[in-house]
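Residue 83 in the working numbering is what sits at position 83 of the sequence shown, and the numbering runs on without skipping anything.
Bear in mind the hints are in silico, worked out from the structure with no lab data behind them.
Among these hints, one or two may not hold up.
Stated by the list, open to error - Heads up, simulated EDC-like pairs for lysine to aspartate or glutamate below, C-alpha to C-alpha not over 20 Å straight-line:
| id | residue 1 | residue 2 |
| --- | --- | --- |
| 1 | LYS83 | GLU101 |
| 2 | LYS74 | GLU101 |
| 3 | LYS83 | GLU97 |
| 4 | LYS31 | GLU46 |
| 5 | LYS31 | ASP50 |
| 6 | LYS156 | GLU145 |
| 7 | LYS52 | GLU125 |
| 8 | LYS52 | ASP94 |
| 9 | LYS156 | ASP177 |
| 10 | LYS74 | ASP94 |
| 11 | LYS83 | ASP50 |
| 12 | LYS52 | GLU21 |
| 13 | LYS52 | ASP169 |
| 14 | LYS113 | GLU131 |
| 15 | LYS83 | GLU131 |
| 16 | LYS31 | GLU207 |
| 17 | LYS52 | GLU85 |
| 18 | LYS74 | GLU131 |
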Amino acid sequence: MLARNDDAALDAGPRRAPGSERLCIVRREVKPVTDLIRFVMGPDREVVPDLKRRLPGRGVWVTASRTAVAEAVKRRAFGRAFKAEVHAAPDLADVVERLLEQSVLGALSIVRKAGRAAIGFAQVERALAREPVVALVHAAEAGHEGVRKLAAEVRKRGGQKADDFPVVDRFTAAQLDLAFGRANVVHAALLAGPASDGFLARYRNLERFRTIGPGGQEC
């Protein structure tokens with residue numbers, strides 16, 4: 001749906017609820033806030049991402065994708081939306097991606113603290129046979145054979161198709177070590193529960209940011 005009023009680009013602040021939809025300053029389309037990222041202007045007129053939508057001050061919204069954020073910087077869309085001289089870092093899209101990644105790894109740490117993670121190949125294999133596993137996590141450096149064997153275990157399970165089973169393999173072993181609070185994490189399984197659901201929701205947001213263009217098409 002196209003926006004009819006350019007004033008809709010600037011919200012009234014986090015405490016004055018913007019509703020369920022806002023205007024993307026790049027696409028000039030009204031979208032659900034879940035498909036957008038909020039930005040505010042800092043004290044030094046720096047454009048600051050507000051992923052939790054809680055930072056004070058009036059904010060503007062951009063489609064939650066690398067290409068849309070990069071385009072907003074290139075077109076100087078933030079200055080027009082804020083109606084002020086602002087500084088949007090050339091690498092703002094990278095900054096947003098790092099923040100999203102940190103949020104995902106933080107959520108993975110919460111899964112571990114909630115006791116909803118099986119860590120290590122043998123533990124993952126056992127969990128797949130006995131527990132309500134909702135996703136697998138492999139380090140980016142994980143060996144093909146280990147990944148293949150665990151995929152075969154997923155295929156043995158009833159219910160969800162193996163091709164639809166969530167597999168997270170974007171993070172390095174070092175990142176997983178920090179998230180899980182232990183060394184040499186290569187394979188992990190996430191068990192059903194709110195913590196795992198929260199992690200998967202954040203991970204999907206990160207993947208969408210990385211792969212979906214401003215027009216809603218995969219890059």
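We went through each hint and held it up to the structure:
Restraint check for LYS83 and GLU101: the C-alpha separation of about 30 Å exceeds 20 Å, so the hint is violated. Under the criterion of a C-alpha separation no larger than 20 Å, the hint pairing LYS74 with GLU101 is inconsistent with the structure, at around 23 Å. For the hint pairing LYS83 with GLU97, the CA-to-CA distance comes to about 26 Å; that exceeds 20 Å, so the pair is violated. Between LYS31 and GLU46 the alpha-carbon distance is near 25 Å, which puts this suggested pair outside the 20 Å criterion.
For a cut-off of 20 Å, the pair hint linking LYS31 to ASP50 stands: about 17 Å separates their Cα positions. Between LYS156 and GLU145 the CA atoms are separated by roughly 17 Å; this keeps the pair inside 20 Å, and the hint holds. Using a Cα cut-off of 20 Å, the hinted pair LYS52 and GLU125 is violated, with the two alpha carbons roughly 36 Å apart. Proximity of LYS52 to ASP94 is assessed by CA-CA distance (about 18 Å); at most 20 Å being required, the pair is judged to hold.
Distance hint between LYS156 and ASP177 is unfulfilled; the C-alpha atoms sit about 29 Å from each other, more than 20 Å. Taking the CA atoms of LYS74 and ASP94, the gap is about 14 Å. The hint holds against a cut of 20 Å. Of the pairs offered as hints, the one joining LYS83 and ASP50 holds, with about 19 Å between alpha carbons and a cut-off of 20 Å not exceeded. The straight-line distance between the Cα atoms of LYS52 and GLU21 is roughly 15 Å, inside the 20 Å bound, and the hint therefore holds.
Proximity of LYS52 to ASP169 is assessed by CA-CA distance (about 25 Å); at most 20 Å being required, the pair is judged violated. The suggested pairing of LYS113 with GLU131 holds, with an alpha-carbon distance near 18 Å, which does not exceed 20 Å. Proposed proximity of LYS83 and GLU131 is contradicted: the alpha carbons are some 54 Å apart, above 20 Å. With a CA separation close to 19 Å, the supplied pair LYS31 and GLU207 stays within the 20 Å bound.
For the suggested pair LYS52 and GLU85, the alpha carbons sit about 24 Å apart, so the restraint of at most 20 Å is broken. Annotation: proposed proximity of LYS74 to GLU131 is violated, straight-line Cα distance about 49 Å (limit 20 Å).
Against the hints set out earlier in the document, violations occur for numbers 1, 2, 3, 4, 7, 9, 13, 15, 17, 18.
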